[in-house]
Amino acid sequence: MVRKLSIRLALREAMRQEMENDETVFIMGEDVGVYQGVNQVTGNLVYEFGSERVMDTPISETAFLGAAVGAAMQGLKPIVELQVADFISVCLDPLLNQAAKIRFMSGNQINVPMVLRAAFGAGLGAAAQHSQSLEAFFCHIPGIKVVMPATAYDAKGLLISSIRDTEPIVFLEPRALYSDESKVPIMPYTIPLGKADVKRKGKDISIITYGSMLPVCLELSFILEKNYQIDCEVVDLRSLQPLDTDAILNSVAKTKRVIIVHEAVQFAGFGAEIAAHISQTDLIYELKSPIRRVGAKFTPIPFAKHLEESTLPQLKNLLTEILAMFELT
Amino acid sequence: MVRKLSIRLALREAMRQEMENDETVFIMGEDVGVYQGVNQVTGNLVYEFGSERVMDTPISETAFLGAAVGAAMQGLKPIVELQVADFISVCLDPLLNQAAKIRFMSGNQINVPMVLRAAFGAGLGAAAQHSQSLEAFFCHIPGIKVVMPATAYDAKGLLISSIRDTEPIVFLEPRALYSDESKVPIMPYTIPLGKADVKRKGKDISIITYGSMLPVCLELSFILEKNYQIDCEVVDLRSLQPLDTDAILNSVAKTKRVIIVHEAVQFAGFGAEIAAHISQTDLIYELKSPIRRVGAKFTPIPFAKHLEESTLPQLKNLLTEILAMFELT
Amino acid sequence: MSKIKFVEANGDVSFRELDSSVLQDFQLQKKLLYTMKLARAFEEKANELYATGFIHGTLHLGIGQEAAAIGSTAAMALEDKILITHRGHLEAIGKGMSIASMFSELLGKESGASKGYGGSMHMIDPTKGILHANGIVGANAPLSCGIALALKKQKKVAIATCYLGDGAMNEGAYSESLNLASLWKLPVVFATVNNKYGMSTPIHKSHANTDLAQRGIAFNLPTIDIDGNCVLTVCSAMKLAREFALKNQPVILILNTYRISGHSRSDKNRYREDSEILDWKKRCPIKRLENSLLEQKQINQVDIEKIDLKIKNEINSAVQAAQLSELAKEIQW
Amino acid sequence: MSKIKFVEANGDVSFRELDSSVLQDFQLQKKLLYTMKLARAFEEKANELYATGFIHGTLHLGIGQEAAAIGSTAAMALEDKILITHRGHLEAIGKGMSIASMFSELLGKESGASKGYGGSMHMIDPTKGILHANGIVGANAPLSCGIALALKKQKKVAIATCYLGDGAMNEGAYSESLNLASLWKLPVVFATVNNKYGMSTPIHKSHANTDLAQRGIAFNLPTIDIDGNCVLTVCSAMKLAREFALKNQPVILILNTYRISGHSRSDKNRYREDSEILDWKKRCPIKRLENSLLEQKQINQVDIEKIDLKIKNEINSAVQAAQLSELAKEIQW
Ligand SMILES: Cc1ncc(C[n+]2csc(CCOP(=O)(O)OP(=O)(O)O)c2C)c(N)n1
Ligand SMILES: Cc1ncc(C[n+]2csc(CCOP(=O)(O)OP(=O)(O)O)c2C)c(N)n1
Ligand SMILES: [Mg+2]
Ligand SMILES: [Mg+2]
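Chains as they are written, first to last, in the numbering used here: chain Y, 21 to 349; chain G, 21 to 349; chain U, 10 to 342; chain D, 10 to 342.
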């Protein structure tokens, strides 16, 4: 059976089903219990599984993220919730120098199967310390996978795959989209990590995106089609590490024009990796336009609504960029 | 007067001269005093300036890096030494969410003039947790500057500029090159942050690099000239944020071929930003070869010498890459 | 009036009387009453503006905690520096931030405390010694050490006060900072607003040892542990703490109080009983001071009405000024 | 023989006798002597290999600390898990890691404990319960909590022991973990090897309070504080600590000892007096047990020579095996 669910509920369903299937799966984090999670993702799971499997923690991210790493080393499958991805600042070590490296440092003797879930992104007036998009950080760390769903369907399938994976996974949830709905099957299903999804087929330009910018890119592609007869292909990467480079190259080989869109600041952002990846192939000889990237302005996220908006990538700027690529401005 | 100094001594001289010039400058870090610094950079400064200005700290990186941020907010100019850049894992918050954001969050009311010095890089058999090149992390954080000298001359001038700057600065020192010598004037001098330096002029290909890979790139360019009559231009970026994009584009505009070399793993590394930057200009229509990037393999750094070597970018691989760009293989 | 519990660094406990200058200074007490009422009114108005869609973002109110904030800031000099938290409106007002600039900040205006860049969580005013308003729990502690270190090196007669919550005590940054402050003898006070919850988690589910003074002992620091709902106790205790800090003896100050408001606007109060909230409403620190002044005949009902009216006007004109002012400008960075 | 100082979570202090089973078990004691000697010989050989250019990288020796490592690991079961530090050779040997695989690791060989990927700082052997060897100071503490949590959830009769140094106590990760372990009642022992220095920094310049048991009290944990140079005391104390941990009462175990070797190969000993080192050389834990066994006529000089010869042979053949084995292979990740 298939019905509409929000990303929030799709994530909760994924966790519920995996916790039912596998008793080694459990959840840890701040206020994941009776508070039901700061973003209401864990919801009533504490009532279904008890406080031994949905564990409220003290405000000690290093301790509980590190404890998740240890528990994973010893055979459990923890899911850790970090309320906002920005808080990785206080608990980077268990991820960077422990989870990501233990299998390797041990000469392949010990696995760390765990999922670190974190909400990310701006748009909610949460200002500089609660709005960052830090995926490029995580992607540069060998030893972890980085997953970023943008729809409820993908959220459920990718989270189930992540929980079943044997590697540490950073699972980034676009905070502004938690309530976005799409059709989600009731039964558990997986989506392979490292497979992009073409969310809209097109032939004139490839829009490569992921996470919070997907809805904007889709809207953009409708406008471009309707008003300018430009047929966009929208590629949703869904996971950044592993990266589906074939999907990117195939799309660009077809359209010969590419724009990369993410919410993170552009400089040294993940878009650079995508652009670099294309530019290291012979596709550069075929491109009809230089590769464009659009990300947030290179500043922290300001509080005021109008400033926040003008800092983030906006539909109208994207439109201008794309029209320029077609020499329509 | 000019004489030869190692990077280590050039850094020490920069600190000494700035501490003499400006009594608000002081040093904090683990074992920077009588131990003379784990990399022997601070050396005898504690005897010259006393333990109030060369402060040994407990092993509490968050506390002392945070204290540096606070001291800078209150008008001092701290230089913090982090023994190895990998330890940013335990003290990212004072950098990411505090130093980098305070001027901005306060609406431009408070500055944080401080320098975080850290040794980075592999090659010394220090294994996975003491060998990382994390500059791409730092470059993606709006609000800080990222400086990476590769010669003693640059080290002194850039460190003096960094100390005098009003922004928080991450100053990354290539650990494997501390003993490399070059000519260094005795008097204090500055090198503007954000100015690349063409370490070798050439017309056939641009090698864009920085930090620990500079000597390898220079050696490579000699070999290419001698054995293959390929005339390389070697551009040393010296600071990554701000980035001297003009220097990059000018060089590539001249040579039409570019290879980017850094020690960090390639995926989502800083090389991607450089490649992306080039590929977003019309230069892509002129390139005679796709843009190449060379970085370490996408794994943590292994311990065994031969494995460590084969993980890092090696001269012979670079040579193969470049010859392929000239269709010489 | 409760006494001041003083726990020495070696664990010895004594109880001290309140500062007689505080007890006898009715001008001060009236000012405290006014400021607490102003702070309460500010937050109620902010809440209303939020509910009616004028404020973007989130809002952490400290309703019920006014004595802890206003009493402690009242014991400071202008030169003293404070670092406040995500729940920092009250301390900001106590330290002298103008409520007009605060409303402006909430509305994203150019005249805002942080020029519209900070919002509710990050209102900063260096001219009043409000150097940082931190949204990262626990992160004030290391910064405060550094500010105190600078004050000491600069030979200023001033201290740094680090505000933080009970929940923040479990961040590593806090323990590291206690050690550093104690080791380096820094002029800093760790003012811990113990409202018994970190978001939804009650202190007994987050602290292995709820005798908080033991943290101080572990790092050779004295702890002052008081009724944070009695503003006179708070003010006296902060004076004492400040004296220690000025002599480069850092101190932990535990201000025991209660957050009547939810954690933030989205809080559904699922984690506590209504009766508990009701109980604490009865112990309102503002009413408490008001009653004491009434009993001592230092004010009468007419005075109170005057005060309330004055505050109402002050709030209204601040909101109006904020609404009339320009939207925050783009700063070139 | 010193007694076992036991500090309860509430601060009450008592002194306990050593475990009579340890005191009377001369087989065990001879084994302890053998293992300590083997560990010492291992490190001396490693040092020599390093000096002669065979070993790449760095080397942190624990010469002088053998009793702390060998005595504590001897009190564990195979199923117990340990996490060791940058200075972890001794504990690894005590817990059963083969010295051949350790030499192989140092030489970057395929047969190395960590297949050549770890080196001196990261020798791991899950079959012996050596789950991690961490180069990040303090980082073992959170991981140990997680391993203990898993053991508890899995209902295993086993504990996790987190080795760390005195210096590591000042990392935030340590305090956070004490709180978590105590709050969640995890079967973990925090075995703190107090060698009085963190690299060059003596404990009185890094710890605001050098009475380390106070850290335990702050988090409602008992602390066992002992002479870490007496292997029988260590073994008895660890048995006691393990009993508590098996009952889900985490414990801090302070093993007071001294590092005779430099911090690492590059240490120039600028921060301590030669006389101090000399003094501690006299208190060598290995000699101490040897003398005790001699006095009690459990061994004689001939036995000692035999042991020393056996160890020499064991070391030599381990080195030889390591040298003969294949270079580490590239693993496809
Ligand atoms: C490092 C970090 N972790 C988590 C949060 C989310 N958070 C914001 S406030 C809060 C509760 C803080 O509790 P406490 O310190 O007692 O302060 P209170 O909210 O009670 O004033 C939490 C968990 C955060 N902002 N920063
Ligand atoms: C987070 C971190 N900071 C600093 C270091 C560098 N370092 C390695 S060992 C050491 C001293 C540790 O002291 P202690 O914990 O007492 O252990 P010991 O070396 O005495 O065995 C330091 C500072 C590190 N490895 N990790
Ligand atoms: Mg609280
Ligand atoms: Mg030590």
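These are calculated hints, taken from the structure and not from any lab test.
Computed from a prediction, not measured in an experiment: that's the story for all the values here.
Don't take every hint at face value.
Restraint-style ranges between C-beta atoms, simulated for each label pair [stated by the list, open to error]:
(1) Y:Thr301 <-> D:Glu119: 32 to 42 angstroms
(2) D:Asn325 <-> Y:Thr186: 53 to 63 angstroms
(3) G:Asp42 <-> D:Glu17: 48 to 58 angstroms
(4) D:Glu119 <-> G:Asn128: 52 to 62 angstroms
(5) U:His213 <-> G:Asp42: 48 to 58 angstroms
(6) G:Glu245 <-> D:Gly105: 53 to 63 angstroms
(7) G:Glu329 <-> D:Gly105: 54 to 64 angstroms
(8) G:Asp42 <-> Y:Ala273: 50 to 60 angstroms
Derived contacts from chain U toward chain G, CB cut-off under 7 angstroms, selection only [to be verified]:
(9) Asp21
(10) Phe24
(11) Ile133
(12) Lys137
(13) Ala148
(14) Gly155
(15) Tyr206
(16) Ala330
(17) Ile340
Computed list of chain D residues with no C-beta within reach of chain G, every gap over 10 angstroms [what the hints assert, rightly or not]:
(18) Tyr43
(19) Glu53
(20) Glu114
(21) Lys118
(22) Asn179
(23) Thr210
(24) Asp276
(25) Ile313
(26) Glu314
(27) Ile324
(28) Glu339
For glycine and all other residues, C-beta sits at the position ideal for the given N, C-alpha and C.
State the violated hints by number, sorted upward, taking the hints as numbered earlier in the document.
Per hint list: 2, 7, 9, 10, 12, 15, 16, 20, 21, 22, 23, 24, 28 violated.
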